[in-house]
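Engineer: Line order of the protein sequences matches chains A and B. Be aware that the first sequence starts at 1, since it is given in full-length UniProt numbering, and climbs by one per residue. Be aware that the second sequence starts at 1, since it is given in full-length UniProt numbering, and climbs by one per residue.
Do not rely on the hints blindly, as some may be mistaken.
[As the list claims (entries may be wrong)] What follows is a set of in silico ranges between Cβ atoms, one per label pair, in the way DEER data are often shown:
#	chain 1	residue 1	chain 2	residue 2	range
1	B	V37	A	A93	30 to 40 Å
2	B	A150	A	E217	51 to 61 Å
3	B	D33	A	A214	33 to 43 Å
4	B	G402	A	G77	40 to 50 Å
[To be verified] Output of the computed footprint for chain B on chain A, the stretches with three or more beta carbons under 8 Å from beta carbons of chain B:
#	stretch
5	54-60
6	67-79
7	97-109
8	136-145
9	177-185
[Unchecked claim] One-sided excerpt, in silico: chain A residues whose CB lies under 8 Å from chain B:
#	residue
10	S8
11	T9
12	K13
13	T32
14	G112
15	M192
16	G193
17	V194
18	H255
Since the hints were made in silico from the structure, they are not lab data. Don't be surprised by glycine CBs; every beta carbon is placed ideally from N, CA and C.
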Amino acid sequence: MSGRTGVSTAFEKARAEGRAALVGYLPAGYPTVDGSIEALKVMVEAGCDVIEIGLPYSDPVMDGPTIQAAAQQALEGGIRTKDVLRVVEAVAATGAPTLVMTYWNPIEHYGGASRRIDGHSGVERFARDLASAGGAGLITPDLTPDSAGEWIAAADEHDLDKVFLVAPSSTPERIALTTAASRGFVYATAVMGVTGARTTTSDLAGPLVERTRATTELPIGVGLGVSNGDQAAEIAAYADGVIVGSAFVRTLLDHEGDLDAGLAALRALTEDLAGGVRRA
Amino acid sequence: MTTTTKYDADELGYFGDTWGGRFMPEALVAALDELTVAWQEAMADPEFVDSFEAICREYAGTPSLLYHAERLSAQVGARVLLKREDLNHTGAHKIRNVLGQALLTKRMGKTRVIAETGAGQHGVASATAAAYFDLDCTVYMGAVDTRRQALNVARMQLLGAKVVPVESGSATLKDAINEALRDWVASVDHTAYLFGTAAGPHPFPSMVRDFTRGIGDEARAQCLEQYGALPDAIAACVGGGSNAIGLFTAFLDDESVEIHGFEPGGDGVETGRHAATIHAGDAGVLHGARTYVLQDEDGQTIESHSISAGLDYPGVGPQHAHLAATGRATYTPVTDAEAMEALALLSRTEGIIPAIESAHALHGGLEVARRLGQEKGPDATVVINLSGRGDKDMGTAIEWFGLGDAEEGPEADLPIEGGEQ
Numbered sequence: 001m002s003g004r005t006g007v008s009t010a011f012e013k014a015r016a017e018g019r020a021a022l023v024g025y026l027p028a029g030y031p032t033v034d035g036s037i038e039a040l041k042v043m044v045e046a047g048c049d050v051i052e053i054g055l056p057y058s059d060p061v062m063d064g065p066t067i068q069a070a071a072q073q074a075l076e077g078g079i080r081t082k083d084v085l086r087v088v089e090a091v092a093a094t095g096a097p098t099l100v101m102t103y104w105n106p107i108e109h110y111g112g113a114s115r116r117i118d119g120h121s122g123v124e125r126f127a128r129d130l131a132s133a134g135g136a137g138l139i140t141p142d143l144t145p146d147s148a149g150e151w152i153a154a155a156d157e158h159d160l161d162k163v164f165l166v167a168p169s170s171t172p173e174r175i176a177l178t179t180a181a182s183r184g185f186v187y188a189t190a191v192m193g194v195t196g197a198r199t200t201t202s203d204l205a206g207p208l209v210e211r212t213r214a215t216t217e218l219p220i221g222v223g224l225g226v227s228n229g230d231q232a233a234e235i236a237a238y239a240d241g242v243i244v245g246s247a248f249v250r251t252l253l254d255h256e257g258d259l260d261a262g263l264a265a266l267r268a269l270t271e272d273l274a275g276g277v278r279r280a
Numbered sequence: 001m002t003t004t005t006k007y008d009a010d011e012l013g014y015f016g017d018t019w020g021g022r023f024m025p026e027a028l029v030a031a032l033d034e035l036t037v038a039w040q041e042a043m044a045d046p047e048f049v050d051s052f053e054a055i056c057r058e059y060a061g062t063p064s065l066l067y068h069a070e071r072l073s074a075q076v077g078a079r080v081l082l083k084r085e086d087l088n089h090t091g092a093h094k095i096r097n098v099l100g101q102a103l104l105t106k107r108m109g110k111t112r113v114i115a116e117t118g119a120g121q122h123g124v125a126s127a128t129a130a131a132y133f134d135l136d137c138t139v140y141m142g143a144v145d146t147r148r149q150a151l152n153v154a155r156m157q158l159l160g161a162k163v164v165p166v167e168s169g170s171a172t173l174k175d176a177i178n179e180a181l182r183d184w185v186a187s188v189d190h191t192a193y194l195f196g197t198a199a200g201p202h203p204f205p206s207m208v209r210d211f212t213r214g215i216g217d218e219a220r221a222q223c224l225e226q227y228g229a230l231p232d233a234i235a236a237c238v239g240g241g242s243n244a245i246g247l248f249t250a251f252l253d254d255e256s257v258e259i260h261g262f263e264p265g266g267d268g269v270e271t272g273r274h275a276a277t278i279h280a281g282d283a284g285v286l287h288g289a290r291t292y293v294l295q296d297e298d299g300q301t302i303e304s305h306s307i308s309a310g311l312d313y314p315g316v317g318p319q320h321a322h323l324a325a326t327g328r329a330t331y332t333p334v335t336d337a338e339a340m341e342a343l344a345l346l347s348r349t350e351g352i353i354p355a356i357e358s359a360h361a362l363h364g365g366l367e368v369a370r371r372l373g374q375e376k377g378p379d380a381t382v383v384i385n386l387s388g389r390g391d392k393d394m395g396t397a398i399e400w401f402g403l404g405d406a407e408e409g410p411e412a413d414l415p416i417e418g419g420e421q
């Protein structure tokens with residue numbers, strides 16, 4: 001689809017401005033489908049360069065309590081995968097490159113898989129529909145490149161970004177394998193642990209970024225734990241992108257029942273973080 | 001115990017190129033690789049294998065008996081042999097798995113173990129092994145289950161384990177697994193995850209099978225020694241499937257032996273309230289493996305239902321998915337009511353109160369025995385895995401049968417299969 005932007009454009013723009021990109025995450029459907037669209041648009045307006053939209057899943061093993069709570073409410077509110085794609089379409093229309101972050105089964109099962117059929121064409125259908133909604137690609141926290149053959153083929157066919165994760169525990173061989181299979185950027189998880197805002201960022205992140213950079217020209221985003229502009233500045237000093245999730249979600253959770261106040265706080269947090277990535 | 005079958009996984013953990021594998025966060029891949037290497041080296045090391053067998057023998061009480069249930073046999077017209085895993089230390093087959101994994105943990109130099117548990121059986125077994133091997137132990141248990149199974153929570157605590165109630169999701173077994181995985185992502189350098197069933201990412205399905213396959217190895221040898229022939233059929237219940245794969249493995253290459261798995265049919269598969277994953281689920285990925293999963297059109301996991309907490313899981317071990325897909329094993333649902341009837345039958349006929357899990361295998365295994373008795377005569381032999389004892393299920397039995405009031409003995413009211421007692 002014409003007009004669709006991959007995330008590399010946003011990273012290049014930030015690099016040209018001599019700063020890191022700000023990557024913001026919210027789960028679709030929290031507090032409602034329309035509420036999440038409004039919130040994500042506020043994040044774009046206030047300075048997020050790239051948007052990650054979480055696809056709520058019943059068994060989110062990588063998520064801490066904050067994101068779990070919001071995703072669970074989205075599921076209880078009846079969110080469907082097609083609604084997630086509607087959120088993607090609305091956010092991508094702002095021009096900000098928009099990725100979906102998702103556990104694997106909802107993609108493999110997209111559109112309902114037929115019983116006892118081994119060809120999992122849900123992956124292919126999802127790639128097609130994501131591309132036509134204007135989505136830039138997928139971040140896959142529980143899918144590593146060695147298990148991702150079907151997704152890699154579908155992403156390549158539909159010109160989508162493939163964002164895989166590296167971790168402090170990754171061996172050099174696995175970092176090389178992961179960056180070779182990635183497109184868009186590489187997601188470096190800064191701590192060994194689940195998602196969640198932390199008061200100090202991890203000293204594992206710097207060495208991981210360094211090891212990752214040795215294998216690739218791709219931009220490297222650092223995530224897990226960032227909650228304010230100072231932490232963002234600290235990470236922006238050595239990474240190409242600063243990824244923030246739980247802190248945005250927490251802000252909305254803290255203003256539950258008052259979306260306007262939540263959006264105002266979200267705008268303030270985004271501006272603080274956007275300032276952080278600019279003062280490294 | 002290191003022999004292979006033609007139904008084993010490849011080196012990446014895929015059974016038949018499709019089932020199993022490893023769908024896990026990159027943060028855990030190094031740990032899973034480390035575990036895979038440690039497990040393979042251990043299984044190839046006669047010293048490790050000897051110590052595992054010695055601990056099972058001297059501490060857990062294996063080999064368990066292969067018991068000829070004569071009154072049941074007479075009722076169904078075929079020879080019914082019960083593999084008495086209920087007589088093991090802690091009352092179930094699960095002790096084999098945890099002793100194996102805990103011994104491996106010691107060998108790897110780790111000091112802490114974590115485990116998930118549904119009804120508490122695997123938690124109690126893990127706490128037992130941790131006490132035996134002097135390891136720190138944390139058990140994750142759904143908050144709903146901690147309330148339902150306060151006695152098992154107390155047992156784990158008495159054994160020195162910390163029990164963490166999990167409130168997220170449906171607050172049951174699958175959520176306890178999620179929480180244990182979250183712990184493991186953050187603690188993997190010094191912690192081993194004692195997975196409770198033959199599911200999850202590679203190498204767990206194959207490793208748990210290696211530690212439980214003693215059930216079938218023993219049963220096969222016992223049957224040959226006691227009756228001079230292999231059984232005609234074997235039967236086990238299947239939730240995650242560790243007792244079943246433990247029984248099945250020794251017989252997989254014996255083409256003459258029928259292999260039957262019995263899934264929890266709950267209120268009946270047609271009601272939607274069941275946990276018959278293979279019978280009624282779709283291929284999908286849950287907890288790190290591709291297998292059959294109870295899920296909705298969007299791939300969200302659907303809550304399972306079974307009267308037996310130990311079978312109440314919306315996934316199943318990937319090797320079972322492979323055995324089902326290849327037709328080597330047959331998986332059939334057994335309802336709550338059928339299982340409870342079989343539980344009463346075994347109690348009254350043989351003086352053995354089985355776990356409700358095992359009662360599923362009993363109901364299904366007796367149906368198979370009846371058919372084989374008609375086809376082949378009274379020498380037809382069926383081995384049924386009595387995977388655990390029923391003490392833990394007395395609360396459910398009291399409610400189901402209306403027991404416990406001495407004034408109103410329920411003597412004549414138990415619905416017994418065949419109408420005779």
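Engineer: Hint by hint, note whether the structure agrees.
Structural biologist: Hint check:
Evaluation of the 30 to 40 Å hint for V37/B and A93/A yields a failure: the beta carbon distance comes to about 49 Å. Take A150/B and E217/A: their Cβ atoms lie about 58 Å apart, and the range 51 to 61 Å holds. For D33/B and A214/A, the Cβ-Cβ distance of about 21 Å falls outside the hinted range of 33 to 43 Å, so the restraint is violated. A hinted range of 40 to 50 Å holds for the C-beta pair G402/B and G77/A, which are about 41 Å apart.
Residues of the stretch 54-60 of chain A with a Cβ under 8 Å from some Cβ of chain B number 4, which satisfies the need for three, so the listed coverage holds. Look at the stretch 67-79 of chain A against chain B: 3 of its residues bring a Cβ nearer than 8 Å to a Cβ of that chain, three or more, so the hint holds. Against chain B, the stretch 97-109 of chain A contributes 6 residues with a C-beta closer than 8 Å to a partner C-beta. That satisfies the three-residue criterion, and the hint holds. Residues of the stretch 136-145 of chain A lying with their CB closer than 8 Å to a CB of chain B number 4, which satisfies the three-residue condition for coverage.
For the stretch 177-185 of chain A, the assignment as covered by chain B is violated, since 1 residues bring a beta-carbon within under 8 Å of that chain's beta-carbons and 3 are needed. Hint on S8/A is violated. Least Cβ distance to chain B is approximately 21 Å, over the 8 Å limit. Interface hint status for T9/A: violated, as the beta-carbon distance to the closest one in chain B is roughly 26 Å, over 8 Å. Interface restraint check: K13/A against chain B, minimum CB-CB distance 28 Å, threshold 8 Å, status violated.
For T32/A, the suggested interface contact is broken, since its CB lies about 18 Å from the closest CB of chain B, more than 8 Å. With a cut of 8 Å, the hint placing G112/A at the interface with chain B holds, because the nearest CB-to-CB distance is about 4 Å. The criterion of a C-beta within 8 Å of any C-beta in chain B is met by M192/A, whose closest approach is roughly 6 Å, and the hint holds. About 4 Å separates the beta-carbon of G193/A from the nearest beta-carbon of chain B, less than 8 Å, and the hint is met.
A hinted interface residue such as V194/A counts as satisfied when its beta carbon comes closer than 8 Å to some beta carbon of chain B; here the least separation is about 5 Å, so the hint holds. Taken as an interface hint, H255/A does not check out: its beta carbon lies about 22 Å from the nearest beta carbon of chain B, beyond 8 Å.
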